[in-house]
Amino acid sequence: MSSEEKKLNVKAGVRTINVDYLARVEGEGAMYIKTKDDRVEDVHLKIFEPPRFFEAFLQGRELGEAPDITARICGICPIAYQTSSINAMEYALGISVPDNIQIARRLIYCGEWIESHTLHVFMLHAPDFFGCADVIEMAKNHKDIVGKALRLKKAGNQIIRVMGGRSVHPINMRVGGFYQLPTKEEVKALIEPLKQAREDALEAVKWVSTFDFPDLNRSYECVSLSHPDEYPMARGGVAATSGLRINVDQYDEHFEEEHVERSTALHSIMKGKGAYLTGPIARYNLCGKQLSPLVQEVIKEIGFEKVCSNPFRSIVVRALETLYACDEAIRIMDLYEEGPSYVQAEPKNAVGYGASEAPRGLLYHRYRVNERGLIEEARIIPPTAQSQKCIEEDLRDFVVQNMKMPDDQLVWHCEQAIRNYDPCISCSVHFLKLHRINE
Amino acid sequence: MSNIAIVGIGNPYRGDDGAGWEVIDRLKVDIPCIKSRGDISELIDLFAQHESLIFIDACPDLGVDWKRVDALSVPINQRLTSTHGFGLSEAIAMAKQLQQLPLCLILYLINGTNFAMSQGLTHAVKESVQQVVEEIERECMNKV
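Top line first, the protein sequences correspond to chains H and F.
Residue 294 in this note's numbering sits at position 279 of the first sequence; the count goes up by one each step and never skips.
Residue 80 in this note's numbering sits at position 76 of the second sequence; the count goes up by one each step and never skips.
Hints were generated in silico from the structure; no laboratory data involved.
A quick note: this is a predicted structure, and the numbers were derived from the prediction, not measured.
Be careful, since some hints might not be right.
To be verified - Restricting the straight-line Cα-Cα distance to at most 30 Å, the calculated cross-link-like pairs of lysine-lysine (BS3-like) are:
no., chain 1, residue 1, chain 2, residue 2
1, H, Lys288, H, Lys304
2, H, Lys221, H, Lys158
3, H, Lys404, H, Lys304
4, F, Lys130, F, Lys39
5, H, Lys286, H, Lys404
6, H, Lys363, H, Lys321
7, H, Lys158, H, Lys315
8, F, Lys100, H, Lys155
9, F, Lys39, H, Lys210
10, H, Lys286, H, Lys304
11, F, Lys130, F, Lys32
12, F, Lys39, H, Lys158
13, F, Lys39, H, Lys221
14, H, Lys158, F, Lys100
15, H, Lys203, F, Lys39
16, H, Lys286, H, Lys315
17, H, Lys286, H, Lys61
18, H, Lys199, H, Lys221
19, H, Lys321, H, Lys203
20, H, Lys199, F, Lys39
21, H, Lys304, H, Lys203
22, H, Lys210, F, Lys100
23, H, Lys61, H, Lys51
Said to hold, decoys possible - So these bits of chain F aren't anywhere near chain H, every CB distance computed over 12 Å:
no., residue
24, Glu55
25, Gln134
26, Glu141
Glycine included, C-beta positions come from ideal geometry on N, C-alpha and C.
Let the sequences and hints guide you as you build the complete structure.
Right under this line is the structure:
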């Protein structure tokens, strides 16, 4: 990043940190922080990427098209978009899918977590801890671990290719199940590469746990899906630190979005609470007990806290979830049965609510569909939109606690504080008011 | 390790970004031809699995309709299209660090002007595609 793009000025007690273009995040965003004397006056995460109007052009489309259309919102978490939209449509149509489809969904979701988390942990986030501009620079001194990261990411890709038809922009998921389920042999063939991936992920956890983490402790209101039988991924109700336990169809009663001028993404708040945290730390804090015995053992071995309150340590949680996804994928591959590939249902007038745990947090969809099977209204609330307020609060707290930090270090850590969230800005830009005037 | 392969990188739903795949569709050569969407781990795997590779990729602001670049002898300074900031140029830089580059790595870069969500190539890119196909077929005859 050039000095023109990254500015820090100190004048008459006023200090501004202005990063015009955030690096190593997906999409286009900027950061602006202003302090005066010992006070932080303004903290803005600015999202200026243009809105993409997905919710508008879903209107009038057939409900069965929602998974493949919304998957195009993000090249790195298409499974999350497909799953949340499918869950919503199945709710609307009253479809309940058999266990073999639930297992197949969880398996492909494991693939997405492995792929996405590995990309973020090694290629976007880890360079921060070594003062490197990017992973290519970091690879100079960490060839072995970067090579293993590429192998780990490939294992995630392989699951998605087998279950989803192809590794980039998979196309096999549909309302009611899958267009075609792979054979048991095709799934079993993934086990050996996954065992290697699990070893690589274990090494990754140990590696990231040794990083030097900046100090910051926050008291988060965590929000994630929660399911009695499993660590949350593709299904569940909504849980929060404050004790909230609701079904997904009650989401709008407890959460709302607001527009702020500086962002093309809406800001989410929990009604009566304000900012809340979603993503790996939220899942870990709320549902960590459901991680597998192997992961529990590793948590003890590295001495990781049961409740994580330092956002800079999110990289450890992401690595633990990657290990879990490998372990869980191996476990459920044994349970995989071909069975019926989907369940069909007749369209009807209904509203459908669905959510799943994208790698970077809770992804909520709501659709109103009609008896012809057409979408009349769509609402998509991606994790990055939900995280914006929390990111700004992290930045504010970090700056307040580090007023005396040298300028270059402060800018570096503030950018790092944003990358703690693995933000996907392209997913989040959905500020949209569509007014139609009929004369 | 295989000897040689030709890889078209692109996304046919992103206008001119489909050029790499279109070249692969038109090539008549007795060499494995692969369509890739440019995932960095898959690209580095391809580097590790082959001695010689020819890549075709579309990029904006090339300055000429198309050009052939020996990626091992000149730095890649073109802005190649990529997903989440990781595409062919990053894969080459990464493979260099990991010492996983093939012995020969040739890029055919095609200048594109439309990378928006759309299908079909612009007229200029269609013409470049045909020229690149002919050039690669000539190059392959010489190599074989």
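Hints violated by the structure (numbers, ascending): Violated: hints 6, 13, 16, 18, 19.
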